[in-house]
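Okay, here's what each chain looks like letter by letter:
Number of protein chains: 2
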Amino acid sequence: MASALRYGAKMRMATRVPARALSTTARLSAAEKPFFPNEPTAPVVSTAIPGPKNQAATAELDKVFDVRSINMLADYNKSVGNYIFDLDGNKLLDVYAQIASIPVGYNNPHLAEVAKSPEMASALINRPALGNFPSSEWAHILETGALRAAPKGLNQVFTAMAGSDANETAYKAAFMYYRQLQRGGPEVEFTEEELLSTMNNQGPGSPQLSILSFKHAFHGRLFGSLSTTRSKAIHKMDIPAFDWPQATFPMLKYPLEDHVQENAQEEQRCLQEVERLIKEYHNPVAAVMVEPIQSEGGDNHASPAFFQGLRDITKRTNVLFIVDEVQTGIGATGKFWAHDHWNLDTPPDMVTFSKKAQTAGYYFGNPALRPNKPYRQFNTWMGDPARALIFRGIIEEVERLGLVEHTRITGEYLYAGLERLAQKYPEHFQNLRGKGQGTFIAWDTPKRDQFLVKAKSVGVNIGGSGANAVRLRPMLVFQQHHADILLESIEKIIKLL
Amino acid sequence: MASALRYGAKMRMATRVPARALSTTARLSAAEKPFFPNEPTAPVVSTAIPGPKNQAATAELDKVFDVRSINMLADYNKSVGNYIFDLDGNKLLDVYAQIASIPVGYNNPHLAEVAKSPEMASALINRPALGNFPSSEWAHILETGALRAAPKGLNQVFTAMAGSDANETAYKAAFMYYRQLQRGGPEVEFTEEELLSTMNNQGPGSPQLSILSFKHAFHGRLFGSLSTTRSKAIHKMDIPAFDWPQATFPMLKYPLEDHVQENAQEEQRCLQEVERLIKEYHNPVAAVMVEPIQSEGGDNHASPAFFQGLRDITKRTNVLFIVDEVQTGIGATGKFWAHDHWNLDTPPDMVTFSKKAQTAGYYFGNPALRPNKPYRQFNTWMGDPARALIFRGIIEEVERLGLVEHTRITGEYLYAGLERLAQKYPEHFQNLRGKGQGTFIAWDTPKRDQFLVKAKSVGVNIGGSGANAVRLRPMLVFQQHHADILLESIEKIIKLL
Chain V
4 MASALRYGAK MRMATRVPAR ALSTTARLSA AEKPFFPNEP TAPVVSTAIP GPKNQAATAE
64 LDKVFDVRSI NMLADYNKSV GNYIFDLDGN KLLDVYAQIA SIPVGYNNPH LAEVAKSPEM
124 ASALINRPAL GNFPSSEWAH ILETGALRAA PKGLNQVFTA MAGSDANETA YKAAFMYYRQ
184 LQRGGPEVEF TEEELLSTMN NQGPGSPQLS ILSFKHAFHG RLFGSLSTTR SKAIHKMDIP
244 AFDWPQATFP MLKYPLEDHV QENAQEEQRC LQEVERLIKE YHNPVAAVMV EPIQSEGGDN
304 HASPAFFQGL RDITKRTNVL FIVDEVQTGI GATGKFWAHD HWNLDTPPDM VTFSKKAQTA
364 GYYFGNPALR PNKPYRQFNT WMGDPARALI FRGIIEEVER LGLVEHTRIT GEYLYAGLER
424 LAQKYPEHFQ NLRGKGQGTF IAWDTPKRDQ FLVKAKSVGV NIGGSGANAV RLRPMLVFQQ
484 HHADILLESI EKIIKLL
Chain E
4 MASALRYGAK MRMATRVPAR ALSTTARLSA AEKPFFPNEP TAPVVSTAIP GPKNQAATAE
64 LDKVFDVRSI NMLADYNKSV GNYIFDLDGN KLLDVYAQIA SIPVGYNNPH LAEVAKSPEM
124 ASALINRPAL GNFPSSEWAH ILETGALRAA PKGLNQVFTA MAGSDANETA YKAAFMYYRQ
184 LQRGGPEVEF TEEELLSTMN NQGPGSPQLS ILSFKHAFHG RLFGSLSTTR SKAIHKMDIP
244 AFDWPQATFP MLKYPLEDHV QENAQEEQRC LQEVERLIKE YHNPVAAVMV EPIQSEGGDN
304 HASPAFFQGL RDITKRTNVL FIVDEVQTGI GATGKFWAHD HWNLDTPPDM VTFSKKAQTA
364 GYYFGNPALR PNKPYRQFNT WMGDPARALI FRGIIEEVER LGLVEHTRIT GEYLYAGLER
424 LAQKYPEHFQ NLRGKGQGTF IAWDTPKRDQ FLVKAKSVGV NIGGSGANAV RLRPMLVFQQ
484 HHADILLESI EKIIKLL
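Top line first, the protein sequences correspond to chains V and E. Per this note's numbering, residue 4 is the first one in the first sequence, and the count goes up by one each step. Per this note's numbering, residue 4 is the first one in the second sequence, and the count goes up by one each step.
Treat the hints loosely; a few may be bogus.
You can't tell identical chains apart in this list, so a pair holds if it fits in one copy or across any two.
To be verified - Under the rule of at most 25 Å between Cα atoms (straight-line distance), these lysine-lysine pairs were calculated in the BS3-like manner:
| hint | residue 1 | residue 2 |
| --- | --- | --- |
| 1 | K218 | K376 |
| 2 | K376 | K235 |
| 3 | K119 | K56 |
| 4 | K119 | K81 |
| 5 | K155 | K457 |
| 6 | K119 | K495 |
| 7 | K256 | K282 |
| 8 | K376 | K450 |
| 9 | K498 | K450 |
| 10 | K457 | K376 |
| 11 | K318 | K282 |
| 12 | K218 | K318 |
| 13 | K427 | K457 |
| 14 | K119 | K218 |
| 15 | K218 | K81 |
| 16 | K66 | K376 |
| 17 | K282 | K155 |
| 18 | K155 | K66 |
| 19 | K318 | K36 |
| 20 | K282 | K376 |
| 21 | K36 | K450 |
| 22 | K457 | K81 |
| 23 | K318 | K498 |
Honestly, the hints are just simulated from the structure, not real lab data.
Using the sequences and the hints given, assemble the complete structure.
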């Protein structure tokens with residue numbers, strides 16, 4: 004009931020003009036109690052960014068660590084909620100959130116309790132080889148944590164360390180499954196030729212199978228995942244890659260309502276290409292890998308119909324369908340999993356996660372995706388129980404505060420504000436996208452890199468994606484009063500360009 | 004002085020017969036104060052292993068997690084020092100130590116303090132994207148932690164999550180470096196053809212370069228690292244692999260002193276093969292990757308002369324020399340890094356670490372190994388500051404207790420005891436190896452798998468490597484009284500076979 008009431012209150016708020024110089028107090032309506040009462044009420048910019056202390060500390064770090072990608076050094080002891088603090092007294096509203104990976108705010112009190120628990124201390128100092136010697140509590144931690152949030156239809160998890168190895172272990176499971184089908188079942192033994200040839204990295208033991216991914220996809224940077232990543236040349240240059248196929252991801256035209264038929268045709272064309280590649284590619288396709296929203300590659304969206312089509316094709320051609328929810332998972336799109344938006348008849352075969360989960364892995368449901376023998380899908384640590392405890396704490400916090408529904412509503416509010424800005428400044432807003440996708444919102448802008456730099460000067464930390472997009476990736480504790488500040492800030496940035 | 008005294012005392016002890024039913028109190032000489040006063044004085048075996056509670060808990064875990072590789076479920080709240088406890092009251096002396104990865108004992112009090120520190124809580128709940136937004140303390144954590152232990156000549160670190168991605172990021176650095184040399188330097192821009200072809204996973208942008216590794220090597224299980232792993236077919240089966248070369252690793256004959264010339268010839272033959280492969284392999288070799296002691300592949304050792312030869316060849320042929328210290332690093336061989344035993348003229352180009360560091364990465368010294376542009380070697384988390392704090396705590400504990408020298412001495416004591424057992428039971432001890440390599444000791448035995456199973460019944464947790472080897476991987480806090488128990492236990496196991 005309370006949440007329904009809150010919903011109504013917020014929807015009414017969405018009809019008023021948000022980007023206006025209201026006092027911060029006025030912004031915080033009774034319906035919108037701040038999740039972090041100790042947050043700054045507005046960004047504070049005290050120096051040029053990076054300020055003198057940040058510059059000195061970066062120079063020190065440069066002696067031992069590559070600092071050329073440093074955005075800013077942060078003071079995490081002081082950062083709170085949606086605000087990241089630096090060493091020079093700057094306090095920025097953070098809608099980039101560690102590349103979309105902080106879920107419930109800096110110094111979240113509930114996570115702080117988890118971090119200080121005796122269970123956590125034990126997980127940190129008695130790190131097990133999870134495949135050999137898990138703690139007796141491991142099943143309970145999974146059941147009350149990662150699996151409590153499992154996508155519908157997927158009741159098993161393989162735990163990993165980060166998005167790249169989550170994706171790669173899913174690929175390995177797909178290859179083993181594919182070959183098992185070819186062999187005629189789990190009980191068919193490997194041949195002598197297979198056993199010998201794989202030691203030489205040759206077929207048939209090491210077969211030339213492939214994973215199909217999409218143009219502009221980002222699935223990680225290790226050798227297998229990088230072979231499916233097609234976002235930017237700088238990610239791939241000089242690194243040997245597998246000869247794997249890529250299909251075109253739909254490039255939709257915006258506003259969607261003005262291009263319905265054209266976009267539907269584009270999606271159909273892409274689906275046909277997928278099916279053709281699966282049938283014809285010289286290295287047979289074991290699985291199709293896709294992001295619900297291509298993130299690093301430029302915030303490219305497709306419709307539920309497209310993904311339903313992908314699921315149909317993969318079923319019909321008997322290849323696996325893997326959904327990479329590393330960036331989209333854990334609530335940011337207004338559903339816990341972005342693929343919940345698709346209403347699939349049958350779930351994906353595997354769903355990978357990382358980032359906001361603060362740990363990683365893949366979910367699956369089909370028991371045949373457990374390889375037919377032990378030690379085929381294995382490594383020393385197989386994840387980190389300490390991070391699994393944090394994931395559990397995140398899920399608890401998401402449930403306690405209703406953060407998925409909250410993000411859906413805040414996203415609608417924010418999107419409405421952005422639409423108004425887009426009308427006012429059409430030259431700075433192209434292809435506004437992410438409507439109905441929570442706060443997972445982006446638009447293209449001609450001076451994107453300058454936009455991101457100027458954002459800091461008005462107290463906001465924002466990231467980009469692709470070549471031209473501003474991508475918003477606020478945390479799940481991002482609220483309407485933050486949206487107001489963000490909208491005001493965007494207007495300020497535009498005036499600075 | 005104190006440590007010299009202790010050394011003398013221990014050397015004297017090594018001359019007496021250790022494997023004898025002395026009372027536990029008698030074993031603990033004054034020179035050998037236990038590091039963990041609250042450890043059991045001897046193993047306790049209360050049930051068949053796995054006992055009833057373990058079996059029930061494993062069945063529960065099986066619902067959501069592959070349990071076929073489960074060795075035992077552990078009670079980490081009770082495990083202490085060198086002893087791993089299970090749910091059924093069994094307390095095993097653990098000389099496997101989570102596949103060689105627990106460094107300073109279960110529930111180490113110093114690490115417990117680190118785990119409970121405010122710094123740790125912040126690292127756990129404010130996980131940064133280290134390449135973009137490191138904390139202002141990150142340089143300090145590296146300088147007082149990972150880099151305090153850096154191999155001689157290597158003053159930079161790239162942090163990772165586990166052994167596999169540590170190795171793969173080192174490979175990526177090697178490929179980028181190799182192509183940079185080919186291009187003519189860091190300032191030479193990528194060509195249009197490179198930029199386009201890499202998006203299609205084709206050369207010249209995605210070149211068909213290779214990493215040379217050795218037969219029986221184990222370097223991890225992701226796609227790039229698995230392509231250099233040559234330990235067992237089960238690790239590689241059905242997974243696509245790169246066409247990369249493998250050289251023969253010397254298979255030495257034991258006892259070494261009886262096969263001096265033969266072994267030297269074997270090593271020379273292997274070195275010649277390496278040089279030939281570097282010069283002739285159709286996919287040019289960017290780096291040679293080697294373990295100081297092949298671990299997973301069967302505890303295969305080679306002499307310092309062999310590794311000096313490898314370093315010479317790699318310098319002469321202008322390829323990089325990467326040493327995989329994932330299993331050998333952090334003191335287990337009686338030196339902090341196993342390659343310290345080699346007295347190289349110039350250090351390896353990169354050294355990778357994981358396991359006992361409880362976090363992972365690679366060290367390097369040559370600034371040209373930083374890629375020429377930002378974001379080429381990058382990922383969201385790039386390691387985990389929480390685990391970096393644990394590594395620092397481990398280094399502090401190693402220094403405080405002098406655990407490297409301690410392990411060297413304990414290793415000599417243990418090795419002497421094993422030599423006596425080998426003389427007494429020659430049919431159960433072949434190729435005893437690891438003399439002068441701390442506690443990094445192994446031998447072959449005909450009924451190896453039975454040996455490992457029976458070990459539990461006498462209260463010891465031991466692992467194997469390769470097809471026939473028993474591998475000892477005790478922690479750095481393994482002491483002479485533990486060695487006595489282990490030696491007695493081995494004799495008991497032999498009698499049960």
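Verification of the hints:
1. K218 to K376: For K218 and K376, the Cα distance is within 25 Å only across copies (23 Å; inside one copy 35 Å).
2. K376 to K235: between (38 Å within a copy, 13 Å between copies)
3. K119 to K56: neither (30 Å within a copy, 29 Å between copies)
4. K119 to K81: So K119 and K81 pass the 25 Å test inside a copy (18 Å) and across (19 Å) alike.
5. K155 to K457: Neither: 42 Å inside a copy, 43 Å across copies.
6. K119 to K495: For K119 and K495, the Cα distance exceeds 25 Å both inside one copy (41 Å) and across copies (43 Å).
7. K256 to K282: neither (29 Å within a copy, 53 Å between copies)
8. K376 to K450: The answer is between: 22 Å across copies meets 25 Å, while 54 Å in one copy does not.
9. K498 to K450: Within one copy, since 12 Å is at most 25 Å while 78 Å is not.
10. K457 to K376: Intra 55 Å, inter 23 Å, cutoff 25 Å: inter-copy only.
11. K318 to K282: The answer is within: 13 Å in one copy meets 25 Å, while 47 Å across copies does not.
12. K218 to K318: within (22 Å within a copy, 40 Å between copies)
13. K427 to K457: within (19 Å within a copy, 77 Å between copies)
14. K119 to K218: neither (44 Å within a copy, 45 Å between copies)
15. K218 to K81: neither (40 Å within a copy, 51 Å between copies)
16. K66 to K376: between (47 Å within a copy, 17 Å between copies)
17. K282 to K155: neither (29 Å within a copy, 54 Å between copies)
18. K155 to K66: For K155 and K66, only the inter-copy Cα distance (16 Å) is at most 25 Å; the intra-copy one is 48 Å.
19. K318 to K36: Close neither inside one copy (47 Å) nor across copies (65 Å); limit 25 Å.
20. K282 to K376: neither (29 Å within a copy, 39 Å between copies)
21. K36 to K450: neither (36 Å within a copy, 68 Å between copies)
22. K457 to K81: within (23 Å within a copy, 54 Å between copies)
23. K318 to K498: neither (51 Å within a copy, 57 Å between copies)
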